[in-house]
Amino acid sequence: MSGVGALVSAALMAAVPPAPPSAVPAPPGAIRRPGPAGSLLIVEDDHSVPLVHVIVASRSGSAADPRHREGLTNLAAEWARHGAGGRTRAALDEAFDALGGTLEVHTEQDVTRLEGEVLARNLDAYLALVADILIRPAFAPAEFARTRLEVEAQIDEGRNDDRQLCERFFMRNVYGEHPYGHPVDGLKASLDAATASEAAAHFRHHFGGKNLIFAFSGDVEPEALARTLEHTFRGLSAAPAPPPNALELRPPVSLTGWRIQLVDKPERQQTQLMFGHPTLRAADPDYVALQVAVAAFGGRAMSATLMDEVRRKRGLAYGAYLVLQERRGSGATLGWVFSGTEKTVPTLKLVLKLYVALMEKGLAPADVAFFQRFLAGSHGADMDVPEQRLAARVSAEIAGLPGDFVDTFAARVAAVTPAEVNDAIKRHIHARDLAITMVATAPEMKKLLVEAKIQESAIDVVPYDSY
Amino acid sequence: MTNAGQTAAISVLALLGCAAASARRGSTTSAGGGSAGGAPPAAPVEVARAPLGALTVSKWRLANGLEVVLLPDPRATSVSYMTWFRVGSRNEDAKAGETGLAHLFEHLMFTQTKSSEANAFDSKMDAVGGSNNAMTYYDFTAYVDDIPPTEMRLATTLEADRMVNLDLRKKQVETERDVVAEERLASVEDSVDGILDELMYGQAFKTHPYRWPVIGSMKDIKAMTQERAVAFYRKYYAPNNAVLVIAGRLDEAATLAVVAEAYGAIPPSKSLPLDGAKPERAPGSEVRTVISRPVPADRLVIGFPAPALGAPDRAAYEVLNELLAGGPSSRLNRALVVERQWASSVHGDIAPTRDPGLYAIWVQMTKGHSAEEAERLVVETAADLAAHPVAAAELGKAAARMEAQFWQQLGSSHGRAETLGAFEIAAGDFRALLARGGEYARVSASDVQKAAADYLGTGARSVVIARPGAETKPAGPVARQKP
Numbered sequence: 001m002s003g004v005g006a007l008v009s010a011a012l013m014a015a016v017p018p019a020p021p022s023a024v025p026a027p028p029g030a031i032r033r034p035g036p037a038g039s040l041l042i043v044e045d046d047h048s049v050p051l052v053h054v055i056v057a058s059r060s061g062s063a064a065d066p067r068h069r070e071g072l073t074n075l076a077a078e079w080a081r082h083g084a085g086g087r088t089r090a091a092l093d094e095a096f097d098a099l100g101g102t103l104e105v106h107t108e109q110d111v112t113r114l115e116g117e118v119l120a121r122n123l124d125a126y127l128a129l130v131a132d133i134l135i136r137p138a139f140a141p142a143e144f145a146r147t148r149l150e151v152e153a154q155i156d157e158g159r160n161d162d163r164q165l166c167e168r169f170f171m172r173n174v175y176g177e178h179p180y181g182h183p184v185d186g187l188k189a190s191l192d193a194a195t196a197s198e199a200a201a202h203f204r205h206h207f208g209g210k211n212l213i214f215a216f217s218g219d220v221e222p223e224a225l226a227r228t229l230e231h232t233f234r235g236l237s238a239a240p241a242p243p244p245n246a247l248e249l250r251p252p253v254s255l256t257g258w259r260i261q262l263v264d265k266p267e268r269q270q271t272q273l274m275f276g277h278p279t280l281r282a283a284d285p286d287y288v289a290l291q292v293a294v295a296a297f298g299g300r301a302m303s304a305t306l307m308d309e310v311r312r313k314r315g316l317a318y319g320a321y322l323v324l325q326e327r328r329g330s331g332a333t334l335g336w337v338f339s340g341t342e343k344t345v346p347t348l349k350l351v352l353k354l355y356v357a358l359m360e361k362g363l364a365p366a367d368v369a370f371f372q373r374f375l376a377g378s379h380g381a382d383m384d385v386p387e388q389r390l391a392a393r394v395s396a397e398i399a400g401l402p403g404d405f406v407d408t409f410a411a412r413v414a415a416v417t418p419a420e421v422n423d424a425i426k427r428h429i430h431a432r433d434l435a436i437t438m439v440a441t442a443p444e445m446k447k448l449l450v451e452a453k454i455q456e457s458a459i460d461v462v463p464y465d466s467y
Numbered sequence: 001m002t003n004a005g006q007t008a009a010i011s012v013l014a015l016l017g018c019a020a021a022s023a024r025r026g027s028t029t030s031a032g033g034g035s036a037g038g039a040p041p042a043a044p045v046e047v048a049r050a051p052l053g054a055l056t057v058s059k060w061r062l063a064n065g066l067e068v069v070l071l072p073d074p075r076a077t078s079v080s081y082m083t084w085f086r087v088g089s090r091n092e093d094a095k096a097g098e099t100g101l102a103h104l105f106e107h108l109m110f111t112q113t114k115s116s117e118a119n120a121f122d123s124k125m126d127a128v129g130g131s132n133n134a135m136t137y138y139d140f141t142a143y144v145d146d147i148p149p150t151e152m153r154l155a156t157t158l159e160a161d162r163m164v165n166l167d168l169r170k171k172q173v174e175t176e177r178d179v180v181a182e183e184r185l186a187s188v189e190d191s192v193d194g195i196l197d198e199l200m201y202g203q204a205f206k207t208h209p210y211r212w213p214v215i216g217s218m219k220d221i222k223a224m225t226q227e228r229a230v231a232f233y234r235k236y237y238a239p240n241n242a243v244l245v246i247a248g249r250l251d252e253a254a255t256l257a258v259v260a261e262a263y264g265a266i267p268p269s270k271s272l273p274l275d276g277a278k279p280e281r282a283p284g285s286e287v288r289t290v291i292s293r294p295v296p297a298d299r300l301v302i303g304f305p306a307p308a309l310g311a312p313d314r315a316a317y318e319v320l321n322e323l324l325a326g327g328p329s330s331r332l333n334r335a336l337v338v339e340r341q342w343a344s345s346v347h348g349d350i351a352p353t354r355d356p357g358l359y360a361i362w363v364q365m366t367k368g369h370s371a372e373e374a375e376r377l378v379v380e381t382a383a384d385l386a387a388h389p390v391a392a393a394e395l396g397k398a399a400a401r402m403e404a405q406f407w408q409q410l411g412s413s414h415g416r417a418e419t420l421g422a423f424e425i426a427a428g429d430f431r432a433l434l435a436r437g438g439e440y441a442r443v444s445a446s447d448v449q450k451a452a453a454d455y456l457g458t459g460a461r462s463v464v465i466a467r468p469g470a471e472t473k474p475a476g477p478v479a480r481q482k483p
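Protein chains in written order, with this note's numbering: chain A, 1 to 467; chain B, 1 to 483.
Think of the hints as simulated: they come from the structure by calculation, not from any bench.
Incorrect hints may appear among the rest.
As a list, the in silico EDC-like pairs of lysine to aspartate or glutamate whose alpha-carbon atoms are at most 16 Å apart [said to hold, decoys possible]:
1. K361(A) / E420(A)
2. K219(B) / D178(B)
3. K450(B) / D384(B)
4. K313(A) / E117(B)
5. K367(B) / D156(A)
6. K353(A) / D433(A)
7. K367(B) / E157(A)
8. K219(B) / E174(B)
9. K313(A) / E174(B)
10. K170(B) / E117(B)
11. K426(A) / D284(A)
12. K170(B) / E227(B)
13. K188(A) / D465(A)
14. K426(A) / D286(A)
15. K367(B) / E360(A)
16. K206(B) / E280(B)
17. K313(A) / E227(B)
18. K426(A) / E342(A)
From a predicted model like this one, the values you see are computed outputs, not experimental measurements.
Construct the entire structure; sequences and hints are all you get.
Given below as structure tokens:
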């Protein structure tokens, strides 16, 4: 055994049978077919509980925000949700609640989802409300101002949560001016600059049928549902889908060295620390192989390198993880660890040393086989719920992955070879060129970093409420 | 597929308002050997059976007192295997400096047993793609294994082994103390909601063990010893103090057979301590604390007295919460967030406790508005609900949302096992859960009015406010302690 694999105990490895994985049931399949107005329809029926989970996803997310209008996509969708079809916001809220229904806006870089669920017996009435939002939004000017204030207040509220705060700054640190770099909910200045007419036009441009995915799971009959959708959404625009933001598909500017950002928040006793770098697109042929590597290094298994070394052996932190973002453009590796102030520097040194070792030495074949089995086996639990499968199917579709990706994920993982995993590591892990963001109390943390021989001029200190 | 942006599965306990529950981690693993031996154990005895939608739940009892709840679903792709022990922070001796022991011990259950090496539980589970975790609450400690359906025997073997054969080492106790200290820093010291929650409970309860935090004080965590942990284990971990809840792709008869094989020979404890906690309706009066923290605007929590999870008026109380702080059209959401824009969010949680607990209303104020403005509005709105019957349409709306939430929590194998287990522990019978689904629609306007008057209209409330500013230590009964 060599490389990072040596960090995993020999006893653990002795218990590992070789890949392929044990017989894990494949998730129930879904129907994919054309939906209303040129959209894609995905349906998985499951009648175990009388609920239907609903996602209407626009293939445009925050990366589609115009420059200096960061947050516009999210703001426009929230505004549309606040009154439609002749109903005021209050009346629309009443109508959803009365059906036992929910509908919320979720915006990410690549996608904006209107997502919720409803008692199955009320699905048709629920869909009529959703159609009103997509086709007949009220776009009342007074509600625009109100919605904007709400979004700004929610951004403020998000600063209470240090992890959320860290991620907000980290994305800018890792992506810079790339469209993935700004917060999905925008900045106060960009939101204040947005006008109601811009928001309405933006919504209509990005929520036409050809840019949408309608996805349903639960207590539905697929054929009847398809007919209902055609009828209910007959006024939906079938205009051509907007092209993706040209900048979105351009690789971000490569990082050089370690870019350290210290987000200064008063009176912290613990540091939230994120590290990572832009890497491959989900549609890259190396994507699954890199997922195996990331699972071995920082996945949720207790045997993964980060958890074993940081938590189990040293008690430096409660958790230490690395994930690979599934994105249409260049996703990022995102490492996350949180340690008490006095433990931050040793923890940072350790995780960076381990990440460099992963890049330079790769994984031993036994490690690859172990985590192939882990990924394939845990896929059953990850996909146990119809709504989990639905979310994964929509996410894969948005990211440009094959239509059968969710259903064949375990087989794809099992098919990867150790050489492919190590090649993927060599090509896509850049442990010496990293964005590192820490939320901590700056004077105290900066002193510790300088004592650890990090040049003071290399540490960018920013107030926690500045972005 | 690991995707940072992917929506996490909704925790049923979170839906139930289990804000104080403390989990070992995001998800994990460990190993062991079988503990059974000797003559074949007696067959489990069926003690209950009831339908849940198109599925069936059954409950069984082994001769040693271990209870087993099974919920098979042929469409599931995994099995959720949960072991619930009837021991939580309520069983700790606070005067002896043992707050947090139940939770710290939960961490230690992943070390080694007499027949397995260190971390074997984790490695054996990881090797098959199992995800495991654990959670400690006031009333219980539960161990969770989400496993491929083919690995039932592995789960029963590992869980039965650590139920009685744990072999604690001093070094591991010390390492886990550090880990739990870090967990507390993240969830309390550096979390405004964590400290508000701790203060709310601490000042509300005067005698009941709900007054100290599940995770324990930092002082007690750091002082925990191997000897105390071993004594706690011997006192509370036994088959007759546990219930297995297993949901997912399983065969009832085959599952019972492997459970009986693994656990059947474990002797019951003959010295389980009696639970001496006397239920307390809390708070008994208005109590309040104001602290300063780096928050953008005032953050407020108000704790009202709440009935236990199994109480007869619990369904009415949950409907009351829905009317006040449930969906977008709930009264407080509309008044505080939408119409006045005094707040950016409001929500309510009713603790799923075995004894009477707290109903917490959380409000995040917007800049320029004080927590006291929101508190006045909450009290006035509650008083209105106590004084006037709710219109049929508004009541029907709340009932529809409650029905949807009821089914939502039962959508996954994990959610089913978690909800059934919570009711077994806190209400004494999983059938209380199945009945609850139908109770919401039968709640009347007068039931809601009575619940509002009985619980919200007495003036008793535990209020904690965090204001923007330099950090201050509370003068109340639960002081922050530096690690």
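Tested hints:
1. Among the hinted pairs, K361(A) with E420(A) is consistent with the structure: their alpha-carbon atoms are about 14 Å apart, no more than 16 Å.
2. Distance check on the hinted pair: K219(B) and D178(B) sit about 12 Å apart at the alpha-carbon level, within 16 Å; holds.
3. Taken as a hint, the K450(B) and D384(B) pair is honoured in the structure, with Cα atoms around 12 Å apart against an allowance of 16 Å.
4. For the hint pairing K313(A) with E117(B), the CA-to-CA distance comes to about 14 Å; that is within 16 Å, so the pair holds.
5. With a C-alpha separation of about 9 Å, the suggested pair K367(B) and D156(A) falls inside the 16 Å cut-off, and the hint holds.
6. For the hint pairing K353(A) with D433(A), the CA-to-CA distance comes to about 13 Å; that is within 16 Å, so the pair holds.
7. For the hint linking K367(B) to E157(A), the alpha-carbon distance of about 10 Å falls within 16 Å, and the restraint holds.
8. Using a Cα cut-off of 16 Å, the hinted pair K219(B) and E174(B) holds, with the two alpha carbons roughly 14 Å apart.
9. With a C-alpha separation of about 11 Å, the suggested pairing of K313(A) with E174(B) holds against the 16 Å cut-off.
10. The suggested pairing of K170(B) with E117(B) holds, with an alpha-carbon distance near 15 Å, which does not exceed 16 Å.
11. A hinted pair counts as satisfied when its Cα atoms are at most 16 Å apart, and K426(A) with D284(A) qualifies at roughly 14 Å.
12. With a C-alpha separation of about 9 Å, the suggested pair K170(B) and E227(B) falls inside the 16 Å cut-off, and the hint holds.
13. Proximity of K188(A) to D465(A) is assessed by CA-CA distance (about 11 Å); at most 16 Å being required, the pair is judged to hold.
14. Pair hint K426(A) plus D286(A) holds up; C-alpha atoms about 11 Å apart against a cutoff of 16 Å.
15. The suggested pairing of K367(B) with E360(A) is violated, with an alpha-carbon distance near 50 Å, which exceeds 16 Å.
16. A C-alpha spacing of about 8 Å is found between K206(B) and E280(B), which places the hinted pair at or below 16 Å, so the restraint holds.
17. For the hint pairing K313(A) with E227(B), the CA-to-CA distance comes to about 21 Å; that exceeds 16 Å, so the pair is violated.
18. In summary, the hint linking K426(A) to E342(A) is not supported, as the alpha carbons are separated by about 33 Å, beyond the 16 Å threshold.
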